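Trainee: Residue numbers (the numbering used here), protein chains in the order written: chain A, 1 to 283; chain B, 1 to 337.
Any given hint could turn out to be false.
[What the hints assert, rightly or not] Label pairs and their calculated CB-CB ranges:
1) A:SER59 / B:VAL6: 41 to 47 Å
2) A:GLN194 / B:LEU5: 24 to 30 Å
3) A:LEU48 / B:VAL6: 41 to 47 Å
4) A:ALA44 / B:THR132: 37 to 43 Å
5) A:GLY79 / B:MET252: 25 to 31 Å
[Stated by the list, open to error] Computed far set for chain A versus chain B, every beta-carbon distance over 10 Å:
6) GLY35
7) ILE214
8) MET224
I should point out that these hints are in silico values taken from the structure, not numbers from a laboratory.
As the structure is a prediction and not an experimental result, all values here were calculated from the model.
Cβ atoms here follow ideal geometry from the backbone N, Cα and C, with glycine treated the same way.
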Amino acid sequence: MNATTTETMAEERGREAARGAARSVKGGKGVDWLGLALPWGVGALFLLGWDLSVRFSGSDLFPKPIDVARGIVELIRHGLLLKYVVASLFRVSWGFALATMVGVPFGLLLGWYGRASQAFNPLIQIFRPISPIAWIPVAILWFGVSDAAPVFLIFLASVFPITVSSMAAVRTMQPVYVRAAQNFGLSEWELFRQVIFRACLPQIITGLRIALGIAWLVVVAAEMIAVNSGLGYLIIDARNAGKRYDLVVAGMLMIGLIGLGLDFLVRKLENFDEVRWGYANKA
Amino acid sequence: MIVWLVGITVLHGWMNLHLFAHETGGKGQYRFRIGFLPVTCHLTCPVTDFINKQQTGTSMFDPVRFNGWPELKEAYLSGYTPATFILAPMAIALREQGVRIKIVYLGHRDGSALMVRKDSGIHRIEDLRGKTIAVPGRYANQRLIIYRELTARGMSLDDVNIVEMPPPDMPTALYSRAVDAVTSGEPFMGQTELDGYGRCLYQAKDVWPGFISCVLAVSEDMIRDHRPQVQELVNGIAASGKWLDESMDHRMDAAKFVSTLYYNQNPRLLSYVLSKPPDRVKYTNLKPQRANFEEIEMLGKAAGMLKGTAHFDDYVDTSFAPDDDKVVAQTYEPKRQ
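Just chain A, same shape as in the assembly:
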């Protein structure tokens, strides 16, 4: 497949996507007001339902949305929110980066070399379903309660999805790329770097998206270890503080919102030319 064909297919996909979006905009004015209003409307309904259900239940323990908002303001005023967000992002960034550095090349190798897969796959499948929470005692014994322990837990949570998706990407890759590349006399290293890796990139990115979601998901469990910062710590700490469930929910909300932002950023990766190359070839 030459570059011209690839570009043509990518452009065609782009045009089709644009046509689809235009169809969904009534009147074709360019701004999808309904598309913008829908999520905000659902969000507002959710908040209203939450508020009413707390009021009707008469619970003075579970907070109303306004209590959570006040809790977030309190955290900001005390300078804690930014500190905790930075701490959690630090741990997730390192855990996820290490998992990517290990998982992607390892998964590609396992996908390419059948014997390696035969050797390692059973072990991976044994480790993969073990919850990071189960690793907490081991993490403390190995790393104490320094930042290394939560980073290790986040690494564990994300390395297996990355490895498995990379492995699957190689296996489902169209063999014609490899045969063409071999006809050009590419060395094995060049074949890996220039063809296999690039062809697999869309699936790897999908794996990374899933893994980042999981990494962010386990931040609460990872910060149950006696670290003294982070959004997970905020939740655990608020449980110690008596009736501060407003802070518990504030921590949950911040984790959710930052998770949304992280997913948005990873999706942006899909717009890079290197990744679009792979998508085009899948088309």
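Since the structure of chain A is provided, determine the placement of chain B on it from the hints.
Mentor: For chain B alone, coordinates are given in the frame of chain A:
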């Protein structure tokens, strides 16, 4: 990606690890970490740290706050915290399993309660039959009180349903009727009273006078290699205990600074449990006594918690603990408005 990793690492180091802050004093001295939980049983730990810092600008140890017993125990086993406040039966069980641990002082006396809902029909121990009771853990001394009280009335642990639950979750569990009764150290029991739905079935001080839940334990390696520091630690904890029991003003001072700086709890909660009644929890008479521990050993074995293979001399080192009448209270007096 690399720029992000470097950036977030620098920010984390600056904002949370205080890597760029200047250290004040204490350089070159042996410093160690000490594990504790945000409960009144461990109050002397943050009080000692706070008073040391107020008086000398530094503290000989770094208090590390945990949120649950398993993490606290694992941090001790890993060597991360060579000293720790820990449940007495847990320390004994660790010793039975060959862990090099020695109890050097008590954390407190009394300071536990069993709470039921105000509107429940539970008014006597006998009413607990068939009910679900939450305890802090397998090795919690509160479990031993239940065992002691049930057997005194011809009942057994099989007559109740015991579940393990982290103490911070107990008030909510009682409020939502997830359990019928909760028992742990303070301030979580007092919280149910303060919030208006809990009623005390018994205070530990009334059913088991001089009750011990938590102790200060250190590793045998620390005793071997840093004996003066262990002595200094015990002296500090003892002096803080005496200071806490010296006046109600001191207790209220402690409630304020410990709640704010160490426990992240509402100061009103600690003020409540440290004053209502004043003998709800006590911090004097903390030298380990053989008879107390032999009773715990005996009950622990009978209740199936302990094997009975470790005895007082195996897991206690009394050489650091001063006699109560020789303990001198901390001299700290905060400015009061």
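Trainee: Hint by hint, note whether the structure agrees.
Mentor: Checked hints:
1. A:SER59 / B:VAL6: 41 to 47 Å: 45 Å, holds
2. A:GLN194 / B:LEU5: 24 to 30 Å: 26 Å, holds
3. A:LEU48 / B:VAL6: 41 to 47 Å: 43 Å, holds
4. A:ALA44 / B:THR132: 37 to 43 Å: Since the Cβ atoms of A:ALA44 and B:THR132 sit about 40 Å apart, the hinted range of 37 to 43 Å holds.
5. A:GLY79 / B:MET252: 25 to 31 Å: 27 Å, holds
6. GLY35: Its Cβ never comes within 10 Å of chain B, the nearest being 30 Å, so this holds.
7. ILE214: Given a closest Cβ separation of 18 Å, the condition holds.
8. MET224: Non-interface label on A:MET224 violated, nearest chain B Cβ at 7 Å vs cutoff 10 Å.
Checked against the numbered hints given earlier, the structure breaks only hint 8 and satisfies all the rest.
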